[in-house]
Amino acid sequence: MLSSEIKGDLLVLFHKNPGLIDSLDGVARRIGRVGTAIQADVQDMLNVHVLGSRQIGGREIIFLDRSGDKAAQESILNYLKNLKGKTE
Amino acid sequence: MARQKTGIVELDTMLHGGFLERDAVMVAGSAGTGKTTLSLQHLVNGITKFGESGIYLTFEQLPDQIYRDAENFGWDLKKLEEQDKFRLVCTSPDLLLEPDGPGQLLDSTIKEIQPRRMVIDSLNHLEMYLPRGGDMRKEAYRILNYVKTKGISPLAIWETQQTAGQAFSVTDVGMSFLVDCILLLKFVEIESAMRKALVIMKMRGSDHEKELKEYAITPQGFKIQGSFSDYEGVMSGSPHKVASERFVDMFQKASEKHKGGLSHQSQP
Numbered sequence: 001m002l003s004s005e006i007k008g009d010l011l012v013l014f015h016k017n018p019g020l021i022d023s024l025d026g027v028a029r030r031i032g033r034v035g036t037a038i039q040a041d042v043q044d045m046l047n048v049h050v051l052g053s054r055q056i057g058g059r060e061i062i063f064l065d066r067s068g069d070k071a072a073q074e075s076i077l078n079y080l081k082n083l084k085g086k087t088e
Numbered sequence: 001m002a003r004q005k006t007g008i009v010e011l012d013t014m015l016h017g018g019f020l021e022r023d024a025v026m027v028a029g030s031a032g033t034g035k036t037t038l039s040l041q042h043l044v045n046g047i048t049k050f051g052e053s054g055i056y057l058t059f060e061q062l063p064d065q066i067y068r069d070a071e072n073f074g075w076d077l078k079k080l081e082e083q084d085k086f087r088l089v090c091t092s093p094d095l096l097l098e099p100d101g102p103g104q105l106l107d108s109t110i111k112e113i114q115p116r117r118m119v120i121d122s123l124n125h126l127e128m129y130l131p132r133g134g135d136m137r138k139e140a141y142r143i144l145n146y147v148k149t150k151g152i153s154p155l156a157i158w159e160t161q162q163t164a165g166q167a168f169s170v171t172d173v174g175m176s177f178l179v180d181c182i183l184l185l186k187f188v189e190i191e192s193a194m195r196k197a198l199v200i201m202k203m204r205g206s207d208h209e210k211e212l213k214e215y216a217i218t219p220q221g222f223k224i225q226g227s228f229s230d231y232e233g234v235m236s237g238s239p240h241k242v243a244s245e246r247f248v249d250m251f252q253k254a255s256e257k258h259k260g261g262l263s264h265q266s267q268p
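Line by line, the protein sequences give chains C and B.
Numbering-wise (the working numbering), the first sequence opens with residue 1 and increments by one.
Numbering-wise (the working numbering), the second sequence opens with residue 1 and increments by one.
Please keep in mind that the hints were generated in silico from the structure rather than gathered at the bench.
Hints may contain errors.
[Unchecked claim] Think about it this way: if two alpha-carbon atoms lie no more than 27 Å apart in a straight line, the pair counts; the simulated BS3-like pairs of lysine-lysine are:
#1 B:78 with C:16
#2 B:78 with C:7
#3 B:79 with C:70
#4 B:111 with C:70
#5 B:241 with B:257
#6 B:257 with C:70
[Stated by the list, open to error] Heads up, incomplete: computed chain C residues facing chain B, CB under 8 Å, no partners named:
#7 24
#8 30
#9 34
#10 81
[Stated by the list, open to error] Between beta-carbon pairs, the in silico distance windows are:
#11 C:75 with B:112: 32 to 38 Å
#12 B:112 with C:35: 24 to 30 Å
#13 C:43 with B:128: 25 to 31 Å
Yeah, the Cβ is synthetic: ideal placement off N, Cα and C, and Gly gets one too.
Let the sequences and hints guide you as you build the complete structure.
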């Protein structure tokens, strides 16, 4: 999940601002970047359902997929618990 | 007529019981006058005092700043969100200006929490993103009507450019006919001190208090303190004491001077 700095910035942005619904460029602007620079990372996060998307006026808008994000957090937590169990 | 109380007792009195339900309200004022605080308090009171859910739609300010600022007044917006009574939606104005923008952005949230109040912060941002040749009044009219048809009362924020000392005209806004009620917040300079004044400039279909009131932003939020009854010309930007007050002042000063003179004379 945190394979890049951009994904980290996006996670922090959406977790601090769960009501953010914006275009790719709009989201990018809010973390001081441009749309093309975050496109690949956004796609990865859409693939794992941490983010959701839909169309407005032919443009894709992005938002936090609250249920997908919760599931992802639980799965990371379980993974860490298992890892801890194996190392003990 | 059904009224929607703000929960700020003195303001509800000025409004003769509150805003009329589903009326579009504009809170206008320059930076720092407390437009956001008043609007948030209207939403929070709606939830906590009157059981009416609310949405705060912001374009520029990120929600985490609003959560933090609200916390300073003791309003836990995150908790209200967890209870599905409140949503803080942040988006770009150009998305709202798309033909299906309001529905695509807000329909799911409206279904989730069934709000009765919504704050739009601000109409200035919509204007900034309007395409060349676009008509701001038409766009604002469309968006306000979308909100109203969902059974929600919209409250829109408008930041004016005026500073202390300048008069304000509702026609400066250019959109005054779109809204049913206008509250103006204004800095006024009186005796070398900056004070804040509120006036209801318009309220369609209802009588309201016309008097200018002083207010302050306190740790508990927006607080209306009293009137400027001792002053004239506050709105025009050149306030001065009314004649009777000037006479009292002059009399007191003369009396003090006289007393001072007598005490000097009586000293050995």
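Each hint tested on the structure:
1. B:78 with C:16: 10 Å, holds
2. B:78 with C:7: With Cα atoms ~24 Å apart, residue 78 (chain B) and residue 7 (chain C) stay inside 27 Å; holds.
3. B:79 with C:70: The hint holds at about 17 Å.
4. B:111 with C:70: 21 Å, holds
5. B:241 with B:257: 21 Å, holds
6. B:257 with C:70: 76 Å, violated
7. 24: 11 Å, violated
8. 30: 7 Å, holds
9. 34: Hint violated; residue 34 (chain C) Cβ to chain B Cβ min 14 Å, cut 8 Å.
10. 81: 25 Å, violated
11. C:75 with B:112: 32 to 38 Å: 25 Å, violated
12. B:112 with C:35: 24 to 30 Å: 28 Å, holds
13. C:43 with B:128: 25 to 31 Å: The hint (25 to 31 Å, Cβ to Cβ) holds, given that residue 43 (chain C) and residue 128 (chain B) are roughly 30 Å apart.
Going down the numbered hints, you'll see the structure goes against 6, 7, 9, 10, 11, while the others check out.
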